[in-house]
Structures are given as C-alpha cells and as structure tokens.
Amino acid sequence: MMNSAIRFVTLAMFLAAVVAAPPVIPAFAAGGGGGGGGGGGGEDPFGSHTSTTPASPDTKAIRTTHKGKKKPAKQSSIDDPAFAQGYRAAYATIYDRNDYAAAIEQLKALGHDDHPNVANLIGYSYRKLGDYKLSQVWYERALKADPNHVLTWQYYGLWQIEQGNRDQAQYHLSRIAAICGTDCEEYRSLAAALEKPPGIGLVY
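Heads up, the sequence shown stops at 204 in the working numbering, and the numbers go up one at a time, no gaps.
Accuracy of the hints is not assured; some may be wrong.
Claimed, not checked - SDA-like, lysine to any residue: derived pairs with alpha carbons at most 20 Å apart: (1) K128 with A92; (2) K108 with R141; (3) K128 with A89; (4) K133 with A102; (5) K128 with L158; (6) K196 with R166; (7) K108 with K128; (8) K144 with D114; (9) K108 with D131; (10) K144 with Y132; (11) K128 with D96; (12) K133 with E105; (13) K128 with E140; (14) K128 with R166; (15) K144 with L158; (16) K108 with L129; (17) K128 with E105; (18) K133 with E162; (19) K128 with L194; (20) K196 with T182; (21) K133 with L158; (22) K128 with L143; (23) K196 with S174; (24) K196 with L158; (25) K196 with N165; (26) K133 with D113.
Rather than coming from a laboratory, the hints here were simulated on the basis of the structure.
Sequences are here, hints too, so could you generate the full structure?
Structure representation (structure tokens):
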C-alpha cells in the first residue's frame, strides 16, 4: 500500500513538472525577420518577431520555385543550415554593406523565393534600388506566403508612404497593430514615418 502511494505521488510530481515546463523552441523558429526599420546590422536576422501565424513557413516545409524535384519533408529554414547561412549572408549584404543588387542575387540563389522572409528582403532591396514596381511584386509575394508577416507590413507601409499612399500606409499600420500590438518595433517605425510631413524622403 505504501509503495503504491509513493509511486502515485512520484508520478503526480513528474506530470506537474512536465506541464509546468516551458516548451523548448529554437531561437529563430518564432520569427525570421529581415532586420529592423533602419538596419539592425549586428542582430540575428532570425531573431525578429515577424509573424503570429501558428503554422508559419518557419515551422513547416518550405515551398520552392523548383518544380519536378521532391524535397524532403523536413527541408525548412530550421533544419537547413545552408539556407540559414545564405540568408544571414544576404542580410549582411543588405544591412552592413548596402549592396542591394548583390543581395537580390544572393536571396534568389537560396531557391526559397516564396519564403516570406526572403521575398520581403528582395522587395526591400528593390525599393532601396528605386524599382517600386518590382518591390511591390515581392512584398505581395511575402504577404501571400504569410499574411501575418509583420515586417512585410512595415516595409510595404514605408513603400506606400514613399508612393504618396498615406491612407494605405495607415491601413498597413492597423494590420501591424492587429498582429503584434502598438508597442512592437515595426508599429513604432511605421507610425513615426507617418507622422513626418508628406514629401520628406525616408531613410529606411
């Protein structure tokens, strides 16, 4: 009888510990940004909060633009060190060296054009090069892949301001607020840009 009671108490304590323990998630599984509003050169590009979508492309297989070949089901930014390394290199090319044309080539070479982080950074790079039409195409692609990709809403909102579409930028700001609230960096950055008088060039 005593042994049964001890076993029961031990089992109850073990179950309580398991339930109370926080889940272990890789550092870059939660998001995967493309930097902050103005750069973020030394930051881990996978550390930014970008999405609240429960099943984001960071946590499931990534669709690629290559047809015909079957990729392993576990092929993702988390499980593919080559992807993570290539993405970080492109990130550095953008934010440390400001070489946007080279970054576009690096990002496209990753073979994950439909990944929201990749598409967003390609859109950002085209915007920095002054190609607003192509930039818009890539921002739209990022949002199609992940409608809650908050960094794309921020960057695309800055695109809208630069195009004189302040009402659209305000809509983007409301989308960011719905995704991450009004205290997140992406919201504060776009809100600050909207407060500037029209016609002032942005440095984002």
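Against the structure, the hints:
{"no.": "1", "hint": "K128 with A92", "in the structure": "holds (15 Å)"}
{"no.": "2", "hint": "K108 with R141", "in the structure": "holds (13 Å)"}
{"no.": "3", "hint": "K128 with A89", "in the structure": "holds (18 Å)"}
{"no.": "4", "hint": "K133 with A102", "in the structure": "holds (19 Å)"}
{"no.": "5", "hint": "K128 with L158", "in the structure": "holds (11 Å)"}
{"no.": "6", "hint": "K196 with R166", "in the structure": "holds (11 Å)"}
{"no.": "7", "hint": "K108 with K128", "in the structure": "holds (17 Å)"}
{"no.": "8", "hint": "K144 with D114", "in the structure": "holds (9 Å)"}
{"no.": "9", "hint": "K108 with D131", "in the structure": "holds (17 Å)"}
{"no.": "10", "hint": "K144 with Y132", "in the structure": "holds (18 Å)"}
{"no.": "11", "hint": "K128 with D96", "in the structure": "holds (14 Å)"}
{"no.": "12", "hint": "K133 with E105", "in the structure": "holds (18 Å)"}
{"no.": "13", "hint": "K128 with E140", "in the structure": "holds (17 Å)"}
{"no.": "14", "hint": "K128 with R166", "in the structure": "holds (19 Å)"}
{"no.": "15", "hint": "K144 with L158", "in the structure": "holds (18 Å)"}
{"no.": "16", "hint": "K108 with L129", "in the structure": "holds (16 Å)"}
{"no.": "17", "hint": "K128 with E105", "in the structure": "holds (15 Å)"}
{"no.": "18", "hint": "K133 with E162", "in the structure": "holds (12 Å)"}
{"no.": "19", "hint": "K128 with L194", "in the structure": "holds (19 Å)"}
{"no.": "20", "hint": "K196 with T182", "in the structure": "holds (18 Å)"}
{"no.": "21", "hint": "K133 with L158", "in the structure": "holds (14 Å)"}
{"no.": "22", "hint": "K128 with L143", "in the structure": "holds (19 Å)"}
{"no.": "23", "hint": "K196 with S174", "in the structure": "holds (18 Å)"}
{"no.": "24", "hint": "K196 with L158", "in the structure": "holds (12 Å)"}
{"no.": "25", "hint": "K196 with N165", "in the structure": "holds (14 Å)"}
{"no.": "26", "hint": "K133 with D113", "in the structure": "holds (17 Å)"}
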